[in-house]
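Trainee: In case you want the letters, here they are:
Protein chains: 2
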Amino acid sequence: MATEPSSGYDRDAVRAVLDRARAENRGALTAPEGKVLAEAYGIPVPGEALATSADEAVSLAVELGLPVVAKIVSPDILHKTEAGGVEVGLSSPQEVKAAYERIVGNARAYNPDAAIQGVQIQQMVGGGTEVIIGATTDPTFGKVVVFGLGGVLVEVLKDVAFRLAPVTREDALAQVGDTRAAEVLDGVRGGAAVDRERLADVLTRLSDLVTDFPEIAEADLNPVFASATGAVAADLRFVLDFTPPKAPARFTREEILGAMERIFKPRAIAIIGASNEAGKIGNSVIRNIVDGGYAGHVYPINPKADEVYGRTAYKSIADAPDGIDVAVFAIPAKFVAGALEEAGRKGVAGAVLIPSGFAETGEQELQDEVLAVARRHGVRLLGPNIYGYYYTPQSLSATFCTPYDVRGGTALTSQSGGIGMAILGYSRSTSTGVSAIVGVGNKADIDEDDLLTFFGQDDNTNAIAMHLEDLKDGRAFVEAAREVVPRKPVVVLKAGRTSAGARAAGSHTGALAGDDKVYDDILRQAGVVRAPGLNELLEFGRALPIMPAPTGENVVIITGAGGSGVLLSDAVVDNGMTLMEIPPDLDEAFRAFIPPFGAAGNPVDITGGEPPATYEKTIRLGLEDPRVHALILGYWHTIVTPPMVFAELVADVVTQARAAGIDKPIVASLSGDTEVEAASAHLFRHGVVAYPYTTEKPVQVLGAKYRWARAAGLL
Amino acid sequence: MATEPSSGYDRDAVRAVLDRARAENRGALTAPEGKVLAEAYGIPVPGEALATSADEAVSLAVELGLPVVAKIVSPDILHKTEAGGVEVGLSSPQEVKAAYERIVGNARAYNPDAAIQGVQIQQMVGGGTEVIIGATTDPTFGKVVVFGLGGVLVEVLKDVAFRLAPVTREDALAQVGDTRAAEVLDGVRGGAAVDRERLADVLTRLSDLVTDFPEIAEADLNPVFASATGAVAADLRFVLDFTPPKAPARFTREEILGAMERIFKPRAIAIIGASNEAGKIGNSVIRNIVDGGYAGHVYPINPKADEVYGRTAYKSIADAPDGIDVAVFAIPAKFVAGALEEAGRKGVAGAVLIPSGFAETGEQELQDEVLAVARRHGVRLLGPNIYGYYYTPQSLSATFCTPYDVRGGTALTSQSGGIGMAILGYSRSTSTGVSAIVGVGNKADIDEDDLLTFFGQDDNTNAIAMHLEDLKDGRAFVEAAREVVPRKPVVVLKAGRTSAGARAAGSHTGALAGDDKVYDDILRQAGVVRAPGLNELLEFGRALPIMPAPTGENVVIITGAGGSGVLLSDAVVDNGMTLMEIPPDLDEAFRAFIPPFGAAGNPVDITGGEPPATYEKTIRLGLEDPRVHALILGYWHTIVTPPMVFAELVADVVTQARAAGIDKPIVASLSGDTEVEAASAHLFRHGVVAYPYTTEKPVQVLGAKYRWARAAGLL
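From first to last, the protein sequence lines are chains G and B. Letter 510 of the first sequence, counting from 1, is numbered 510 in the UniProt record's numbering, and no numbers are missing. Letter 576 of the second sequence, counting from 1, is numbered 576 in the UniProt record's numbering, and no numbers are missing.
Read the hints as simulated data drawn from the structure, not as lab findings. Take these hints with a grain of salt, some might be off.
Note that identical chains are pooled: a pair holds if it fits in a single copy or bridges any two copies.
The calculated DSS-like cross-link candidates involving lysine-lysine, where the alpha carbons are at most 27 Å apart (straight line), are [stated by the list, open to error]:
no.: 1; residue 1: 617; residue 2: 280
no.: 2; residue 1: 280; residue 2: 315
no.: 3; residue 1: 97; residue 2: 346
no.: 4; residue 1: 246; residue 2: 472
no.: 5; residue 1: 265; residue 2: 304
no.: 6; residue 1: 158; residue 2: 265
no.: 7; residue 1: 472; residue 2: 97
no.: 8; residue 1: 315; residue 2: 617
no.: 9; residue 1: 158; residue 2: 517
no.: 10; residue 1: 617; residue 2: 304
no.: 11; residue 1: 265; residue 2: 97
no.: 12; residue 1: 158; residue 2: 246
Fair warning: this is a prediction, and the values are worked out from it, not measured in the lab.
Just need the whole structure built from these sequences, with the hints factored in.
Mentor: Dropping the structure here:
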């Protein structure tokens, strides 16, 4: 390990350069200024100096050592090559002299008004491997650093990796290894391996620089020549922005939890706009809250009724009893601000804004006004433009949809109402155990990081699955995710991955969807499991909480169908897991249970015509051997071992193992006639994640559990 | 277009070189021999000549033009660089002379027994873009040519593309463009674009060479220096194999169809081993044939019974009436050969070998013996080691599983019995209309290309979906697929894609799974749609036949859920389709039907609270506008437009459009409570491919239809 880079930075030198640029109203630094920044932060650059005459250029070149590179220095010329302002490989005093004059002449011709400070004479570096190290300011995540293999790999294949700045040394090393062609760094075609520590060192130093000086909007070290002994930034480019966007509002963890506790476990709820008229949202909401079994007080607010759905109604929330934690709004958008004023005075913690007609229809001002009212009263807003929210531990269905009561460990959130309805339907259809379903809609206030903070410490929640189209504050989300992931899986479906999808998101919520590669790298860095699609979000949300965490990487397939074994093996590789190399003694033990023409090894192919006992013995063996960490079962429907017989025996073996303190993740793929559907459901109920007619889905879910377990540091 | 390369080849020159190598029992050619081959087939190589003394080397170098490269020439030294036998950049007579002596000295030291023929003096070529062009002999497909971008791109990223040899000029151009980094060829970092025609020319010439001379097992032109004006192969390597594997047996199309017609539409079936004992395979088979409704004659063969399942039994097939087309075998493996002898004499066309205990349990000899009997009698074998086969147009369920009777256009085949059961269960659960389900098992005889040939011309079949772990004769499969694809989609799930999967396949069937990249490129070249997993094989098989073919690339999303619109857009890109740029007049027309805050453009976001009429008008508009070629619908469950109302209105609009002669592919994603499941089924029954709780699946299926339509030349 090199020395800790943060020591010994010359911040004053950087400050001076930036202050001068700001005073001169410049948006970029000159090369010599860039060099000052690099040197102040210990980023290696080639030896160089500024020449203001051809003769000075010659003497500097001789001093630095020939060959040299000559580059125009002018605050008014950013694209030096385009201006004919760069010459390389100057290997004699004559060449240097001639180049100086050509460069200055070209620059004058290119931009007659340009202030020319001279020509920079630079040691010519090269050889080794070209890489790119940079930093930029992402609209979602703020400062991020980027690493890429230089040349064609970056330009054509976009082979780059992003990390949130500041990066630790460890992050930076992982980032370097994260590019697809990272193997190039280990030396190919006879080349020497690059010292990755040196690259990580440059990355951390640059990330510290842009973190310490937020006005550095972009930094480009391109190319950096990396070798076995060093990494030298041959060219530097810095873009400045002295008017950075305002940082999003932040609440402390205590503030968030204080509000969320009251919102998810309210003593009393007021329904503003509760109605007796069937078909109205205000009617659906009160029916669902009451019929859903919520045990707290329910106060309908309706100026024209004495009673709504059997409960005493109040003309205004001001007239209702005290102790109201949540006000659900089921009134038109234009009346929300006024009613919220009263709710704020009443001391509610949360306002659930079901109505649409705010930012999503262009009414951004109305939404801002409502938020201002909320902030004045310390009320947190959920929505607007949402279906509401569910929290099953409180039997709370504050929504215009239908109640949901299957309790379980999964908390789901969605930015879109349509996706919320899919969550509800899928959950009901599969009896998914849910702690919460929350619509966040326009996210005028409460967003994913608030919810993550709450669910992360909520004992009723074991896994969190979120659909989102953007993040208001990517950095706050990453911080919340990092805090939660060591305890619970966080699954994210990021819609708008593709440019077409992002454009659709733009027309939908006005959200600017960031570059997906930035999201992908940074969410992964935060330990988030990304769901590639809606179905996976739902499946992961359903399955992850019922599986125990694996304690090692040894996955074993036990299958009655050889054909399934092949497909399951493919899926294991596709999902980033590894088939255990079965040790000889364990192989021997498996072989004792299977026919001579069955195949031990991995998959363990017990063959198709076997009785229940063969499945039972081999599965028990896999569970009991401590070197095996996860099982994938492939079942083949036969008359000898019908589907439900298989399901029951597996459930029994697993239950017995758990009683003996053995709990490993098990997934199953069932091939057979339609009875395998009921068998799969039986297995799911007993903690075995099972699917009919697919070899991919069970393995994909196990892969998601593994991705989480690795991110959580459990492996 | 350049001139047709096949003209003007000097085959005699190649023949002479190869004959000499064969006579000398050599497995590789020397560089000068390689050059003879290249020149005989018009592959450009650098100027070069053989020097047998240092002085000769100098005069040749001066003649060819300095600088030159010098390389040892010895049939006993294959790895010249390793032997110190290569020097480059020799730019003076002195350097050439010294290099000659060093090279010969090094070669002697490296291998004192090596026969040294001299040193080759070669023009030094370089610059431009380095690419690799090669050919190899694939165990499945025979001769294939490979193209790759040189250097790191091939070595680290394996960025190569394969094609079956011989390639046409058009194939070769597509192959060059098929590499991920092909953009490099168009010039990056200021470089000039490469002439792709020149590369295609070298590819076709090399592919002709290896096709004309099958004993060339491998050829490597590496590097080839490609530029704007030419492509020169700087180094050549040829590996020979004078004992190529025996070509697989082939039947003519007429022979195949003659046999298959009798097998799928038999006048009479004999069941050898038919039994009255419940639980026995021979009992299940006769029950399924009879109960399934097969209308032909059924003759149980059983030496110990007078009658089986109500039909007169015969002691031997010889005793049964004539006109038997198919014999189903339900007897132990060891009795099969004998019974097949009798069936052969009886003139059956096909023997369906259900029993296991052949190659898959190591009994390859027994399997070979059975095949020999079949060949002697002109009987085609299905299996052994299979569940049997179904052909619904004949109400034929010749299997030990259960009958299946939902007729439709999909023919499914599987190499594995487990996968066959998944096909059966899935089909029954989803009411998939099926023409055939066929197990091929060990494929001792009938394989996928036989079935493809039959189903390709079978009027009862509209789409073919095949699970396979290997191809016995990849070339025959490609030929069959190319013939069928212009009329019907062919979907393939190739198991054993990954090395782990291939290893599992190895232990399962003894099949050698080829490199997946070879399979992938060549199946795509043949127009086959590859299913990434089992579930996709089943979904594609179910959905493709019910969708009409698109006639253009303009896809439009109409959605009630903005959130679904974003995810559907992502899926469109993921699946290689493009969202139509909606022309202003059409945009205007959509806008007339949707709320002012809805978003036209594409997706057309009609917003969530709209009545049935809004869905109806916008969908009708999309169907009726001839510029729109396919529709993707996103439904959001609301009280205003409940799921079944949506499903019925869509079915009605589609039915009306069909009556008016408009038939476009339409898929739908339904987000909502559980009623969306019945609504999706209703839509499917009316020719709209619809799924609940997923935005990915419907678009993936549409993407598969597009991939087929492009391959079929319909777009």
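Trainee: Give a verdict on every hint.
Mentor: Evaluation of the provided hints:
Taking CA atoms no more than 27 Å apart as the test, residue 617 paired with residue 280 passes between copies only; the shortest distance there is 26 Å, against 59 Å inside one copy. In this assembly of identical chains, the alpha carbons of residue 280 and residue 315 lie at most 27 Å apart only when taken from the same copy (18 Å versus 77 Å across copies). Proximity of residue 97 and residue 346 under a CA criterion of 27 Å is satisfied in neither setting, with 81 Å inside one chain copy and 99 Å between copies. Proximity of residue 246 and residue 472 under a CA criterion of 27 Å is satisfied intra-copy only: 12 Å inside one chain copy versus 65 Å between copies.
Taking CA atoms no more than 27 Å apart as the test, residue 265 paired with residue 304 passes in neither setting, with 29 Å inside one copy and 76 Å between copies. Proximity of residue 158 to residue 265 under the C-alpha cut-off of 27 Å is found in neither arrangement, the shortest distances being 48 Å within a copy and 56 Å between copies. When the C-alpha separation of residue 472 and residue 97 is checked against a cutoff of 27 Å, the pair qualifies neither within a copy, at 55 Å, nor between copies, at 71 Å. Taking the closest pair of Cα atoms, residue 315 and residue 617 never come within 27 Å of each other, the shortest separation being 69 Å inside a single copy and 42 Å across copies.
When the C-alpha separation of residue 158 and residue 517 is checked against a cutoff of 27 Å, the pair qualifies both within a copy, at 10 Å, and between copies, at 22 Å. With identical chains, the CA atoms of residue 617 and residue 304 are never at most 27 Å apart, being 70 Å at best within one copy and 38 Å at best between copies. Taking identical chains as interchangeable, the C-alpha atoms of residue 265 and residue 97 are never at most 27 Å apart, the minima being 79 Å within one chain and 91 Å between chains. With identical chains, the CA atoms of residue 158 and residue 246 are never at most 27 Å apart, being 30 Å at best within one copy and 45 Å at best between copies.
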